[in-house]
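Peer 1: Using the sequences plus the hints, can you model the full thing?
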Amino acid sequence: MKRWRLGTLLLLALPACDGSGALASDGGGPEVPASDAGVSDFDDGGPASDAGVGGGADGGQAIDAGIPPGGEGEFDDGLDVATARAACFDGEDNDGDGTSDCGDPSCQRNVPSCCVGRSSVDCCVPGTIERLDPTGCAGVLSGCRSDGLVFTTFGAPAPTVTDFGDPTAAIVPGGMDTDSGAVLSRDLDPRAGTIRLTASIASPLESPPSGRVETVGVGFVDATASSSLTRVAPVTGLVVSRNRAEVLLMIAGEAVQRWPLEVSTAVTYTLEIDPTGRVRAASSPDFVAADVPYRVEAPVRAIAYGRTANPTPTTPPARLLGLTVTPSECDMPAALERFGAPRVPAPGGDGTWADGHVVIGEPAVVRYLDPSGTGQVRMALMVDDELHLAAPGAGGFELRSLVGEPALPPPAEAWAAAGVSDPSLTYRGDQLELYFTGWSSEGRGTIARAVWDEAMSRFVLDGPVPGLEATMTVGYSAASVFDREGVLHAALRVDDEHGHRIAIYRMTGGAEAVVGTVRTTSEDSFAFDRDEVDGPAVVHVGSVYRLYFGGRRGTRWNVGLLVSDDGLAWHAPSDAPVLTPSGAGFDALAVRDPSPDVVAGRVDVYYAGDDGSAVRIGLARAR
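Following our numbering, the numbering of the sequence shown begins with 1 at its first residue and continues without gaps.
Some hints could be false.
Label pairs and their in silico Cβ distance ranges [claimed, not checked]: (1) L402 - R231: 53 to 61 Å; (2) H500 - V451: 28 to 36 Å; (3) D222 - T352: 38 to 46 Å; (4) R109 - E206: 46 to 54 Å; (5) D222 - G373: 45 to 53 Å; (6) F526 - T315: 56 to 64 Å; (7) W353 - T374: 23 to 31 Å; (8) E92 - W353: 41 to 49 Å; (9) R231 - R109: 43 to 51 Å; (10) G348 - F526: 37 to 45 Å; (11) A588 - P293: 21 to 29 Å; (12) E206 - D575: 48 to 56 Å; (13) E206 - D524: 51 to 59 Å; (14) G373 - E523: 49 to 57 Å.
The hints are simulated quantities; they were obtained by calculation from the structure and are not laboratory data.
A virtual CB, placed ideally from N, CA and C, is assigned to each residue, including glycine.
Peer 2: In structure tokens, the structure reads:
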């Protein structure tokens, strides 16, 4: 019996278990185009999206091949690359700089996989920098626009720009009973990279005259917040209060830390949202320092705001001398934006054929150049017990044959007596190849191969892969085939008397294990893959191999990730999954069977979502 059928029935039977004022532009890159059809654009930078290497170990996972003995130091002079790279995975601070393994800057600069999921300056690329500089301006702030600055002012009295003898003119927020200020109009995604805000703020140390309120705040608000703000409740921010002579760190609209204001001259404040789930604050002179665990999950906009009721025209109040916003682009594999509807059946097509089918899942996407040089995209998938092939259309994928006419006719052999599942596609030698699992009546899996015949519009069976045929004690399933250094490999699941695991096999002649265990169930009771790992899917992006896989705890499936530089030594960039159930919609209870799809260097992920009553294929697009 196929594993999806078991998983679906289990979810149905059990409850789910288990949160000239100027803004200058200093660079940035073009936005990656995306198809509004819901299928990623064809990327002709590489012929296929299944090229890659898989298999990983982390946090107590057994590994019997791959990671060599630890080196002397992280990329010390005189060490060969292999020895130095080994030092990035041995758990030691080999060079004595206070950091170890992928946390070491030298590893991040020299071992590409060390930068997956990290937000350091060595791992990220600066985005478009924005500067709010009041130099050369006077009067109302709304009149100070240049260099493509787009912002909206709010509040009454309106924010103004005045020269108080500082090195630059100063922005005075205005505001009396309500806040006043300016919101920058660009949306920033804190999930895709670090966002750093730097502001120069000056404030007298003595309290303002009786009845006056003086505060200046900078930070970030939700991108969907109304432009008619009266009281700013920042997602995170720093507020300088002249009345209290202190600086406040704000998170979710509440003050979480305070520091005495120590100088009346201009202070440079830094506020940073880290995509790994931290908010940091600092100042120069150094009297503000904070590092708070807080994950910002939605787009934000930068803001400057405050209240300066009845400021005198000559006495300097609390004021903002300038603001800079610097986003960065990092390789954050969990920065995925999922569509609200399945991709199969295609949202814009006739989806009535799907009515009554419980399982439409197990996607496997491949991109390739056909013999004419035309880019092609195909998806293999399961519709209940049938294996089908689909092509892009109507906002998703559409089957190339009717239900009841599968792309792979059911094999008549005993090794597939109980059906087939787990399709995987690759394109080699001008042929579209299918690898899949055949299930015996005893429930053991065999990996087999078939080749697409365009004239017959179906796959023609080649037979089981030698070395991956089920025995009385061992079964193989869920193979994801990929190219490693010109040799076909597969990441697959192995079940034997010891349990199950994900392993890497070389597929030349008779299949041979090259990494016997790259992932097995975790001993951590709270790990997302505590009870089962399955459905590996491998892709090679840039110089990093990535292995996506499904992990189960209780009845809840999530998608995890392992990364590697050579396809042999693997590690997890995070203990957390990269894709989790949405809690609502077609993927409310489970996400599994990932299929990475590389488009213009980004990695989108197709997956199977389960709401407890049906399984459907979704798409999570990289931000």
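Peer 1: Which hints from the list above does the structure break, by number from lowest to highest?
Peer 2: Checked against the structure, the only hint that fails is number 8, while the rest are satisfied.
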